[in-house]
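One-letter residues, chain by chain:
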Amino acid sequence: MNFGNNSHMPKIQVALNPWLDDLTFIKVTQENKNFLTTTTNQTFFFQGTVQPLSPRELAIKPIGERRWGWWMIHSLTQLSLEPGDKIILGNDTYKVMAKNNYSRDSYYEYHIVRNYEEAL
Amino acid sequence: MNYQGIWDSTTNYNVNDLVLYNYNYYLANAANINVPPPAAQWEIYTIIQSIAYIIANEIGLDPTRAWIYDQDYIFPTDPNLFLVIEYIGAGDFSNNATPLPTDSGMSEQVSVLTRETYRINLLSKNEQARLIQQEARSALKSYLAQQQQEIFQYKIGTVSKSITNLSQLEGSGMYNRLAFDVPVLTWYAKDRVVDYFDTFSSEIKNDNAE
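Just so you know, the protein sequences line up as chains A and B, in that order.
Take the first sequence: its position 91, counting from 1, is numbered 91 in this note's numbering, and each next residue is one higher.
Take the second sequence: its position 203, counting from 1, is numbered 203 in this note's numbering, and each next residue is one higher.
Chain A on its own, in the form it takes in the complex (with noise of 0.2 Å):
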């Protein structure tokens, strides 16, 4: 298998340029001091799409599962996101469920599931 860049296979990368928007999330971190825990909220700028999981990725998830709000976030850079964290996209809190690094095509893709105990 080639996995040089001389292949006339598509860019993916160039795919997603005319879809890209210019996105913020807001990431919220908690900590721990004095034993008590507060949270600190840092926004990020980046540019990316937000789409919903396609047919197949949501197939293979169990059954129950499927009806959680699930986004997919595609990204040029790495974000700094890791499965676990909360994120706040939109008016929604989300959690971050999975992170793919598709670097060698020059994309990124995250998949958040919306908070609903922590519905805004």
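In short, the hints are calculated from the structure, not lab data.
Each hint should be verified, as a subset may be incorrect.
[Claimed, not checked] Derived coverage of chain B by chain A (criterion: at least 3 residues anywhere in the stretch with Cβ under 8 Å from a Cβ of chain A; other residues may be distant):
#, region
1, 42-51
2, 58-67
3, 73-81
C-beta atoms are modelled at their ideal positions from N, C-alpha and C, and glycine is treated no differently.
Following the hints, complete the assembly by docking chain B onto the known chain A.
Here is chain B on its own, set in the frame of chain A:
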């Protein structure tokens, strides 16, 4: 933590200075002078934090790996030891109101003498929780524990002789969880201004008046 006694308006306080003000303890998170607590420069500091401080310090645990239950705090992802301290409950010995005449009028001190129970939970995915449990219990008899009890005016009672293995409650989390209870004798008080007898709003009928 540097205990500076009763809060004083003329003292320059630095970060981590601890003061007593209106029967509560406050820790300075910023240097200040003449800013009485509660204020942004002060954070209230309670007995449960003092006990967590003793144990974390004596077993050499990073204080950011110990917290009070339940603050929706996300567990660390590594397999090493962390500590969660719970307030289980309290039983009162006495409940009092004492009149306090002052130059400006009448006050009363309401107070409660109580026995509180705290539960120390030691958790780890590796064997650390099991290995550190004796050290955690003995921490409560340490020199630091004596100092903390004097500052915060509480007394740690006889620590539970048994330690409970609650690992099965963690289910698929697969944590080693060992817990023991700590009884604490302490008191709480509050001063309140009360109406003096001649400022009562209701009239008292004088039967001798004609």
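Now for the hints, and whether the structure bears them out:
1. 42-51: holds (count 4)
2. 58-67: Since three or more residues must qualify, the claim that chain A covers the region 58-67 of chain B holds, with 5 doing so at under 8 Å.
3. 73-81: holds (count 3)
This entry satisfies every hint, going by the numbered hints stated previously.
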